[in-house]
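> Each protein sequence line maps, in turn, to chains P and E. The numbers in my numbering rise by one with no breaks, and the one at position 8 of the first sequence is 8. The numbers in my numbering rise by one with no breaks, and the one at position 5 of the second sequence is 5.
These are calculated hints, taken from the structure and not from any lab test. The beta-carbon is built from N, C-alpha and C at its ideal position, and this holds for glycine as well. It is possible that part of the hints are untrue.
Stated by the list, open to error - Chain E stretches covered by chain P per the calculated footprint, using a threshold of three residues with CB under 8 Å from any CB of chain P:
| id | segment |
| --- | --- |
| 1 | 171 to 184 |
| 2 | 210 to 223 |
What the hints assert, rightly or not - Lysine-lysine pairs mimicking DSS-like chemistry, simulated, CA-CA at most 30 Å apart:
| id | chain 1 | residue 1 | chain 2 | residue 2 |
| --- | --- | --- | --- | --- |
| 3 | P | Lys288 | E | Lys16 |
| 4 | P | Lys281 | E | Lys207 |
| 5 | E | Lys224 | E | Lys28 |
| 6 | P | Lys110 | P | Lys188 |
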Amino acid sequence: MSVLIFAELDEGKIKKSSQEALFYGAKVAEQTGTSATAIIIGQADDSELASAGRFGVTKVLHASNAQLNEPNGMAYATVVAAAVQQEGSKVIVLAKSSLADAMTARLAGKLKAGLAANVVELPDLSNGFRVKSSIYTGKAFAYNDLKADIKILAIKKNTITPEETDSTASVDSFSPTLNDADFVISVKSSEKASGDVLLPEADLVVSAGRGLKGPENWGIVEDLAHALHAATACSKPVSDLDWRPHSEHVGQTGLKISPNLYIACGISGAIQHLAGVNSSKVIVVINKDSEAPFFKSADYGIVGDVFDVLPRLTKAVKAL
Amino acid sequence: MKILVCVTSVPDTTTKIAFTDNNTKLNKAGVTFITGPYDDYALARAVELKEKTGASITVINVGEADSEPVIRKCLAIGADDAIRVNAEPTDAYFVAEQIAAIAKENSYDLILMGRESIDYNGGQVHGIVGEMLGFPSISPVMQLDIDGDTAKITREIEGGKEQLEAKLPLVLGCQEPIAEWKIPNMRGIMTARTKPLKIVEPTGTDKLTTVANYELPAPRSAVKMIKADEAETLIQLLRTEAKVI
Ligand SMILES: Cc1cc2nc3c(=O)[nH]c(=O)nc-3n(C[C@H](O)[C@H](O)[C@H](O)COP(=O)(O)OP(=O)(O)OC[C@H]3O[C@@H](n4cnc5c(N)ncnc54)[C@H](O)[C@@H]3O)c2cc1C
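Hey, can you work out the whole structure from these sequences and the hints?
Here it is in structure tokens:
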């Protein structure tokens, strides 16, 4: 009957958002008087796997069939469904991500599960099973009653703060039967920015808009981002104009992020842009127009020219 | 080739969200409803494929009567016919079940929809439909070309993209820049009035999730302005006051 948490790896390490999911799942297990088990797919050291115990899970199921080395939502759903069956789990917890989204959908279909996406708080079990989730792209919250026998909770990043202990989890290898049908999509090639901080996982984000005038000026944005160990992001027109890759576009029709710090440079703050970033903990706006709507949603604002302000901020960060 | 495009009807992206009835219902007063922006991309690509290959396009919406203007707009943009499953679309599994039921009757080669709706942001319907039909599902799709029975796809991954190939039938969740958004022209609007729109009643499961009530986020506290010629102070404040760096 344990609560099952799908924890995702990035280059052999448990992703930060998955650490949040592990902690969340362990808390739900505590609430429901059961134990918490993690399912981890792909290559990782035993010590990394066992470290999931820091967040309160007691057991890790590790599936490391070579076929699973390439992330594949459909195959991962087959593995997690098998783990659900083995553990008799009624609650499945995971962190939202590109891979987890693809997997969750297939899993919900397999298990006929009630699903809440973008969950921001622990469930209220006083009267059924109620969870709070972010909807309308961060413009509101819903309290969802999950009525299905099996429930899937996809946690929104950076809304749960994990506490750590020095416990470790036991690690069992797990090799369910895989379906050939899950491997019919062939990956021909892939390109991935490496070395930089990945935007969906980033705690700090420096973002810029059309105010930067052209892609040749992004150096000042990147300099500040590097100094802060932050990821870079952009507004929609910037990615539409191909100044920056689409994977950096945040907003209503782009990525939704919730970092600790979002620094918006030369972005007007249109409602569609805000929608993707409004759950950032602290928002800084730098715009030369004192009437820019973004100042209404900011915690700190500077009315000034980005070409002057950004290099000075970078210098100040380096001096810390 | 037969394409099914699934569309949602959602509040216009500039809508300030508000609730009524003790925070149990969306306040629809003054709200314009539009096709989900991601669904618009799916439809636009379907129309391009139709122009190239002569495919047929059926639009499906799980929604109540008030989504018909959105459906008519899809017909005006180039869909051939439409189906509305007469139910409130609040639960991803339930919506997927309706789409899968229609798809089972009509054997489509391609089922396209947006990567997610901009109201509940679940991003789940395509995968659940794929699972129910036993079709592969891929999302978010940024490019799609069809060559015979093979789809060539570019999908966004975290920090990059991936080139994929798969055989039809497929279910795809779409996003930009898969196609240019299309605006209906006068002829399209005129012919849309006569195109068939079938209304069917829902089948299957009761909803697995329901919303008890809604809430708006707490307002942010007032902005603290820093003079441009003292910009460095910001970094100190982020460290000592906001404690984020
Ligand atoms: C359906 C739909 C969905 C959308 N989805 C998104 C989305 O997901 N994400 C998104 O971002 N947008 C989205 N948009 C677009 C959105 O409405 C705005 O057009 C967009 O966010 C504006 O981007 P921007 O602020 O970079 O550019 P602009 O509106 O051109 O603003 C540039 C800003 O830079 C400032 N500036 C100029 N020069 C300087 C300087 N030297 N120093 C300092 N400041 C300067 C200006 O004062 C201005 O405020 C969507 C629109 C629609 C219709």
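> Hints first: check each against the structure and report whether it holds.
Going down the list of hints, with the structure as the test:
no.: 1; hint: 171 to 184; verdict: holds (count 3)
no.: 2; hint: 210 to 223; verdict: holds (count 11)
no.: 3; hint: P:Lys288 x E:Lys16; verdict: 26 Å, holds
no.: 4; hint: P:Lys281 x E:Lys207; verdict: 34 Å, violated
no.: 5; hint: E:Lys224 x E:Lys28; verdict: 34 Å, violated
no.: 6; hint: P:Lys110 x P:Lys188; verdict: 27 Å, holds
Figure legend: structure checked against the earlier numbered hints; hints not met, in rising order: 4 and 5.
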